[in-house]
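Chemist: Below, each chain spelled out in residue letters.
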Amino acid sequence: MPPESAPPSAPEHDPQRQRRLVAARAVHWRRTRRLTVLLMALWLATGFCTVFFARELARVTVFGWPLSFYMAAQGASLVCLAIIGVYAWRMRRYDRVYARALEGEQ
Amino acid sequence: MSAKKSYFRRLAGYYAWFCVCFAGFLLALTLLENEGMPRLWIGHLFMFATIVLYATIGVVSRTSNVTEYYVAGRRVPALFNGMATAADWISAASFISLAGGLYLSGFDALAYIMGWTGGYCLVALLIAPYLRKFAQYTIPDYLAVRYGGGAGGRGGPVRALAVGATIIVSFVYVVAQIYAVGLIASRFTGVDFSVGIFLGLASILVCSFLGGMRGITWTQVAQYIIILVAFLIPTMWLSVKHADNPLPQVAYGSVLPKLAKREAQLAADPREREVRERFRQQAAAYGVRLAALPASWEQGKLEAQRRLDTARLRNVSLADVRSAERALAAYPKTADDAEPLWREQRARLLARAQPPQPHAAPFPGATQAESNARRNNFLALVFCLMFGTAALPHILMRSYTTPSVHETRVSVFWTLFFILLIYLSIPALAVLAKYDIYTSLVGSDFSSLPTWISYWANIDKVNPLIQVVDINGDGLVQLAEIAIDGDVLVLATPEIGGLPYVISGLVAAGGLAAALSTADGLLLAISNALSHDVYYKIVDPGASTQKRVTISKLLLLAVAFIAAYAASQKPADILSLVGAAFSLAASALFPALVLGVFWKRANHVGAIAGMVIGFMVCLYYMIRVHPMLGGRMDAAWFDIAPMSAGVFGVPAGLLAIVVASLLSAPPARGSDGLVDYIRAPE
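Same order as they appear, the protein sequences are chains P and F. The first sequence begins at 1 in our numbering and counts up one residue at a time. The second sequence begins at 1 in our numbering and counts up one residue at a time.
Simulated from the structure, these hints should not be mistaken for lab results. Just so we're clear, the structure is a prediction, and the values are computed from it rather than from any experiment. Glycine is no exception: its CB is placed at the ideal position from the N, C-alpha and C atoms. Wrong hints could be hidden among the right ones.
Listed next, with one range per pair, are the computed distances between beta-carbon atoms [what the hints assert, rightly or not]: (1) F/TRP599 <-> P/VAL22: 15 to 23 Å; (2) P/ARG33 <-> F/ALA665: 21 to 29 Å; (3) F/LEU662 <-> P/ARG92: 33 to 41 Å; (4) F/GLU682 <-> P/VAL37: 19 to 27 Å; (5) P/ARG34 <-> F/GLY152: 35 to 43 Å.
Chain P with its partners taken away, still in its complex shape (with noise of 0.2 Å):
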């Protein structure tokens, strides 16, 4: 059974109000990906930074905490915070973009 809301292909009969709608697809879908790829690519080096290299950032000490047990306590489940709020923040903005891209065409 197909989803319910719009079908994939909606029945568009002008041609090139479809071809818009594809680019201004493709174009959302390109910078989404970007952004994807650049905050995993964070998310990935803080995590991994962190355990890899906790001995030796264990010798910097912080406000009392050495380095590597703030980064696990506390720094790196704020560094994802901060991810997911600016790829959500980024992705408002990227879709309205994308509805101002299908109005102004109209």
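Got chain P; can you put chain F on it based on the hints?
Modeler: Below, chain F alone, put in the same frame as chain P:
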């Protein structure tokens, strides 16, 4: 927009009222306690009041509408959805055991903090928004439609596999939650363990049975508030006590160096060394007995018998006779039974003979290789917990309940935010409680032990949760003389910190809320998979909506009773496998979920291969290595613990999808369009 805003404002109003009433309730109980109300009554009142509260919310939000029942009408605002997901997420393990784990194993347990929060990046970026755009009811729904295949291209086989994975993972998890409910209820109200389970079950059922997703969402928001208050009050108290700062997340940085100093002091203390030496001797005695099996077993049995006889003959105190009787009864029945038991006891004694490990030191090890193995295991565990988080059906199911894709993204943000309010305080609580115990309990006199120790020691006589015995007979408490079970730490924190008993009741109510809210979500995930995916999509596609909801409710009831029955058997083997649920979920579901969105070429053959092979690899490794399943740790690959089997299962699943997809025909044209649709903004 304005309708949405007024809806939000109305909800916020309800919960503000709830908070006020809750604060009033706490205040009233505090006054009553000062007036001399007995402890047991406070425990009863907390249990009763919270269960009635959850049931009331369930009754108020009862529904038999399909969309309301399965996905709360898709109109839960992001903030509240985040709160409900956080309650869904914070299980009994997070609330009760995690701080204890940190107390006992220091840095190593931070893997749970990192893994259980980092996973939300995967949820937010790779899965949740696309699921919301797809806008169906369950996770198997998405996989079946995306991959198709099977009879008539409806994706029967993929759906069946996804349902199987959902049920296995969620069931193991829900049994552990119900077990925790029984434990807390029985400890705080004095009822029998099984009675406690069925009390908790009643409240779970009233809200999920009547209200489905809608009922549990609004209950979970209330439960989150209780969890938060219950966790923060004792932690803040300890924080003020030891660091003069009410923000524990900030304050414990200043306690850490003090703790490290104290640890070093205790490691070098001559009395501590003496106690540890005694443990080493006892362990060595076990070693000798182990070497002399089976003769030593015979001898030990005779000796135990003789000790009992002499105790009876000499007419010593009743307690001594009892303890001799117990020793004989607990003596292993055969020499074969004795071996693993003694081995375990020797290991426990040897562990107690170790000097305290520095709390904040990452991966301490005698050799570089040992230290590296610990680091690799830490990494593997973090990996499995993260990917498992992103594949747990009861969490992913929540991305269907918001009004739009954007709200879903924001909702994941709020989820992690609310989780972090608790999770950032857990390491703080562990450090503060550790410092408190190391400084005020250690070195104190045995004649003036605080009352909470005897209280918690007497709750379970067979396996005491806390044990303080004067090993070297000097009348002072040494750190090595304290054996504490991780699970008791959070529940005992209010008493450790010297807070009134009301707060202890509150903490118990918080633990109960954590277990109940997670159990709610899990039961709904299982019964939805059965009713929506198996019954409606496979058995009887023509069923009316009324019939679907009714079937769903009946299944929920059945699953709940089976889970409660399983939990009442106190299944040690299931409990030890809960951590494994993450690895299984990650291996079976994650590859198919993510590649479904990000790789158009993935087809149903690939999905089936990926789910089966990922799951099998994961299961194979667990059976190969987990001692409980008959495996041996020597057979481990790269010294990875069986719990982290997902570190092999996820790559195997990904690889299987890629290879099998490329070897078979590309997916049907419709699937391309569907993927484009899922990726496109609204």
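Chemist: Hint by hint, note whether the structure agrees.
Modeler: Quick rundown of the hints versus the structure:
1. Distance hint check: the CB atoms of F/TRP599 and P/VAL22 are about 20 Å apart, consistent with the given range 15 to 23 Å.
2. Separated by about 26 Å at the C-beta atoms, P/ARG33 and F/ALA665 satisfy the suggested range of 21 to 29 Å.
3. Separation of F/LEU662 from P/ARG92 is about 36 Å and conforms to the stated range, judged on CB atoms against 33 to 41 Å.
4. Between F/GLU682 and P/VAL37 the beta carbon distance is about 23 Å. The supplied range of 19 to 27 Å therefore holds.
5. A hinted range of 35 to 43 Å holds for the C-beta pair P/ARG34 and F/GLY152, which are about 38 Å apart.
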